[in-house]
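**Student:** Produce the complete structure using the sequences and hints provided.
Each residue of the sequence shown is one higher than the last, beginning at 1 in the UniProt record's numbering.
You may find that some hints are simply not true.
[To be verified] List of simulated lysine-lysine pairs, BS3-like, C-alpha gap at most 27 Å:
| hint | residue 1 | residue 2 |
| --- | --- | --- |
| 1 | K660 | K223 |
| 2 | K311 | K716 |
| 3 | K106 | K78 |
| 4 | K64 | K401 |
| 5 | K145 | K166 |
| 6 | K187 | K271 |
| 7 | K187 | K223 |
| 8 | K482 | K518 |
| 9 | K660 | K166 |
| 10 | K442 | K510 |
| 11 | K221 | K182 |
| 12 | K455 | K475 |
| 13 | K566 | K428 |
| 14 | K182 | K146 |
| 15 | K223 | K166 |
| 16 | K176 | K78 |
| 17 | K271 | K166 |
| 18 | K510 | K566 |
| 19 | K182 | K166 |
| 20 | K455 | K401 |
| 21 | K566 | K442 |
| 22 | K428 | K106 |
| 23 | K518 | K455 |
[What the hints assert, rightly or not] Distance windows between CB atoms, simulated:
| hint | residue 1 | residue 2 | range |
| --- | --- | --- | --- |
| 24 | P253 | P37 | 50 to 60 Å |
| 25 | E461 | N66 | 28 to 38 Å |
| 26 | K455 | T222 | 39 to 49 Å |
| 27 | I501 | K311 | 45 to 55 Å |
| 28 | E236 | Q373 | 38 to 48 Å |
No lab work stands behind these hints: they were computed from the structure.
All of these numbers come straight from a predicted model, not from anything done at the bench.
For each residue, glycine too, the CB sits at the ideal point set by N, CA and C.
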Amino acid sequence: MASCSHFSSANLKIPTDSSRIHKEECTLCFDSQDLPPGIDVCLTCFNAGCNSSERHHAETHYQKTNHPLVLNVYRMLKDKPKRAVETEPPQKISKLAIVPESDKDKYEYVTRAKCYACGGMEVDKTVGNLPFVIDSVMTSLSALKKSEAEAWEKEITACDHTRNLKQDPPKTLESKVLAHCKECDLKENLWLCLTCGSLGCGRQQYGGSGGNGHGLAHFDKTKHPISCKLGTITPEGTADIYCYLCNDSKLDPYLGNHLGNFGINVESQLKTEKSITELELERNLEFDFTMITEDGKELEPLFGPGYTGIKNLGNSCYMASVLQAVFSLDAFQQRYYPTAMEHHLQCPQEPANCLQCQLSKLADGLLGGRYSQPVQAGEAENDKRGQDGISPAMFKALIGKDHDEFSTMRQQDAHDFLQYLITIIERKEHNNPENDPTNIFKFTAQQRLQCLECKRVRYTENSESIISIPVPAHKIEGSEEKYEPITFEKCIESFTGDSMIEYFCPACNKETHATTNKRFVTFPEVFVIHTKRFDETENWVPRKINVPILFEQDILNFDKYIAHGKQENEELLPDSSAPAIDEKVLNQLFEMGISEIGYKKALIATGNNGTESAMNWLMDHMGDPDIDKPIASSSSTLGPSEADVSQLMDMGFTKTRAQKALRETNNDVERAVEWLFSHSEEDSNEVISLQPGHDSNSTIGGTSLHCGHYVAHVYKDQQWVLYNDNKVVKACQVPLGEAYIYILCR
Numbered sequence: 001m002a003s004c005s006h007f008s009s010a011n012l013k014i015p016t017d018s019s020r021i022h023k024e025e026c027t028l029c030f031d032s033q034d035l036p037p038g039i040d041v042c043l044t045c046f047n048a049g050c051n052s053s054e055r056h057h058a059e060t061h062y063q064k065t066n067h068p069l070v071l072n073v074y075r076m077l078k079d080k081p082k083r084a085v086e087t088e089p090p091q092k093i094s095k096l097a098i099v100p101e102s103d104k105d106k107y108e109y110v111t112r113a114k115c116y117a118c119g120g121m122e123v124d125k126t127v128g129n130l131p132f133v134i135d136s137v138m139t140s141l142s143a144l145k146k147s148e149a150e151a152w153e154k155e156i157t158a159c160d161h162t163r164n165l166k167q168d169p170p171k172t173l174e175s176k177v178l179a180h181c182k183e184c185d186l187k188e189n190l191w192l193c194l195t196c197g198s199l200g201c202g203r204q205q206y207g208g209s210g211g212n213g214h215g216l217a218h219f220d221k222t223k224h225p226i227s228c229k230l231g232t233i234t235p236e237g238t239a240d241i242y243c244y245l246c247n248d249s250k251l252d253p254y255l256g257n258h259l260g261n262f263g264i265n266v267e268s269q270l271k272t273e274k275s276i277t278e279l280e281l282e283r284n285l286e287f288d289f290t291m292i293t294e295d296g297k298e299l300e301p302l303f304g305p306g307y308t309g310i311k312n313l314g315n316s317c318y319m320a321s322v323l324q325a326v327f328s329l330d331a332f333q334q335r336y337y338p339t340a341m342e343h344h345l346q347c348p349q350e351p352a353n354c355l356q357c358q359l360s361k362l363a364d365g366l367l368g369g370r371y372s373q374p375v376q377a378g379e380a381e382n383d384k385r386g387q388d389g390i391s392p393a394m395f396k397a398l399i400g401k402d403h404d405e406f407s408t409m410r411q412q413d414a415h416d417f418l419q420y421l422i423t424i425i426e427r428k429e430h431n432n433p434e435n436d437p438t439n440i441f442k443f444t445a446q447q448r449l450q451c452l453e454c455k456r457v458r459y460t461e462n463s464e465s466i467i468s469i470p471v472p473a474h475k476i477e478g479s480e481e482k483y484e485p486i487t488f489e490k491c492i493e494s495f496t497g498d499s500m501i502e503y504f505c506p507a508c509n510k511e512t513h514a515t516t517n518k519r520f521v522t523f524p525e526v527f528v529i530h531t532k533r534f535d536e537t538e539n540w541v542p543r544k545i546n547v548p549i550l551f552e553q554d555i556l557n558f559d560k561y562i563a564h565g566k567q568e569n570e571e572l573l574p575d576s577s578a579p580a581i582d583e584k585v586l587n588q589l590f591e592m593g594i595s596e597i598g599y600k601k602a603l604i605a606t607g608n609n610g611t612e613s614a615m616n617w618l619m620d621h622m623g624d625p626d627i628d629k630p631i632a633s634s635s636s637t638l639g640p641s642e643a644d645v646s647q648l649m650d651m652g653f654t655k656t657r658a659q660k661a662l663r664e665t666n667n668d669v670e671r672a673v674e675w676l677f678s679h680s681e682e683d684s685n686e687v688i689s690l691q692p693g694h695d696s697n698s699t700i701g702g703t704s705l706h707c708g709h710y711v712a713h714v715y716k717d718q719q720w721v722l723y724n725d726n727k728v729v730k731a732c733q734v735p736l737g738e739a740y741i742y743i744l745c746r
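**Tutor:** Structure representation (structure tokens):
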């Protein structure tokens, strides 16, 4: 084994608990430790680089950093031992185990030390403290596994209501009382009120655990805040605890004492039901969008450039479908695919922490075809089961960093994520707007307002990227589940049609009413249209309304929605460089936590058209670098306005749920309703992007409120392609009428 003169000057690092060690996958491509010749892990900064015959990202890293010594890690799957004829019975359910079986049981690792200053030569790995450094790297949790653990382990904490719970006098609950819901015969998904001992069924869950909401009804009647899910109690004193006042899962530090008040000994309890987190994980890992045609034939799998699937990390289908959609567009392909290496050589950041590096990595993985290869299910050469696809874990860890929702493994709304992705890219490309691929989504909308008293008008123009259109729902007579179809044109007309608002007219100098409507000054190259498809059941459970949307033409003409501006016979409402601001609306926005300069800009930009118009403008301009100038800080501790909370409560939501939804959506009532619909029970949504006459197209979609799964349909190479996580197949039928988001290309 060759000796190396660079060992003493290599500045080797020993990993600590805070170290981010990239050792499973190259930070610039999806070559992994499972592909020969393995991955080179830098022993100075723990970056991972590939060193295949086609790519040399490890060597590029050395050229940038002058870090010479690396550990090459190559992992091989061990042969599985034959299963014994007699197996042990399955164990009782104990708790959710996020950690898979030990890698040592499944894989064999081959490691080598190399020096790039010596031309990549293998060096003696027994010299000095190199054995200790190598062992520390191999035994430490990798960056990807750390991110996964942090995302799955939701931070459930105690609240004042669990810490200071007041209980009724002690009483022992008989077994027959704990056998079923107090109000019905359900025997599963039962929640025990820790105040009085009443037992009620929960809301309906995925996987067969039914519920009629009697636990929630008990809270509404008594305001007893804390409930414990029977069947999830462990001898260690843990269980599913829900606080209705906080509207969230919580930790009960005194659960043993609280249950003891009713004669329940936690030490004797056995966990017999799945927890909420387990159900959530199971739901998303087991969901399988149908891959069989109506005549029983399996859909044809596709492979090669542009046909790469994305692995589901458990709840990441919303992200996968959006990424497949945007990377089917030329602007994203041209921005991130051919320029990857040029950017990396100049990038001062670590690749795992650079948005452009990770977007370029995704483009390479999805478009190159390198990772779109059939995987053999058996020994027969023709026994193909699809592809493994690429893992979005590194991108997800970066894009979700510091975001309350996207940093978790909870299911999210694809529309929210697409908006967030556009905003993040806009900020990244602020200094180079000509390189911003999200420019293809931008258009100018014009809002016309007319006072019904004096008939004067005001026109305002805003730059936008996405519109949300209503989907009018009318049930078919005699049916509880089916709805009358509606044309896409009718949905657009509902969006552009007149609506009446309360308005303080500066010309009349009094409160009056006005009509408003929207038209388009310009149209984008790629038009993103989000459909509002939600309703709420009697038990406050949101559901997707499957109203079929009909497309009467392959090419949609939007000429009738073009804005024409002020007409000769119209008189403008008073305007000045510093227009009067409706103090009532201004105070409402202030109560929502918006900075003074921000809400004044919003009110001025929308012509004092009310809270909703101002909030819509703010949502579209939150990412503007000057939104809060000249104020240095725009933070506020004030919460949502009582008016908005009351509006949501009138729809049947509890006060705590309404407040949380408004906080999650920057106090936008309309988006708060959508957030409530998509977060109580995980909804299913579908995005379809249409590109008539173009080479590429994409869709994202789902089938059921409770499964919460998204898929993408992409029109490319003269055919529709279905992307369902890592499954990529030729689509025989495309559910255009069930779309959640449409992406229309000029």
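**Student:** If a hint holds in the structure, say so; if it does not, say that too.
**Tutor:** We went through each hint and held it up to the structure:
1. K660 with K223: holds (18 Å)
2. K311 with K716: Holds, at roughly 21 Å.
3. K106 with K78: OK: K106 and K78 at ~6 Å, within 27 Å.
4. K64 with K401: With a Cα-Cα distance of about 26 Å, the restraint between K64 and K401 holds, given a limit of 27 Å.
5. K145 with K166: violated (41 Å)
6. K187 with K271: holds (15 Å)
7. K187 with K223: holds (24 Å)
8. K482 with K518: violated (31 Å)
9. K660 with K166: Distance ~25 Å between K660 and K166 Cα, so the pair holds.
10. K442 with K510: Between K442 and K510 the Cα gap is close to 36 Å, so the pair fails against 27 Å, i.e. violated.
11. K221 with K182: holds (14 Å)
12. K455 with K475: Violated - the C-alpha atoms of K475 and K455 are around 38 Å apart, more than 27 Å.
13. K566 with K428: Between K566 and K428 the Cα gap is close to 37 Å, so the pair fails against 27 Å, i.e. violated.
14. K182 with K146: violated (43 Å)
15. K223 with K166: holds (12 Å)
16. K176 with K78: Outside the cut-off at roughly 51 Å; violated.
17. K271 with K166: holds (26 Å)
18. K510 with K566: holds (24 Å)
19. K182 with K166: Holds, because 22 Å separates the two Cα atoms, which is no more than 27 Å.
20. K455 with K401: Outside the cut-off at roughly 50 Å; violated.
21. K566 with K442: With Cα atoms ~23 Å apart, K566 and K442 stay inside 27 Å; holds.
22. K428 with K106: violated (41 Å)
23. K518 with K455: holds (17 Å)
24. P253 with P37: 50 to 60 Å: Between P253 and P37, where Cβ atoms are some 51 Å apart, the hint holds.
25. E461 with N66: 28 to 38 Å: violated (52 Å)
26. K455 with T222: 39 to 49 Å: Check failed, 54 Å falls outside 39 to 49 Å.
27. I501 with K311: 45 to 55 Å: Roughly 47 Å apart at Cβ, these two residues keep to the hinted range, so it holds.
28. E236 with Q373: 38 to 48 Å: Since E236 and Q373 have Cβ atoms about 45 Å apart, the given range 38 to 48 Å holds.
In this structure, the hints that do not hold are numbers 5, 8, 10, 12, 13, 14, 16, 20, 22, 25, 26, in rising order.
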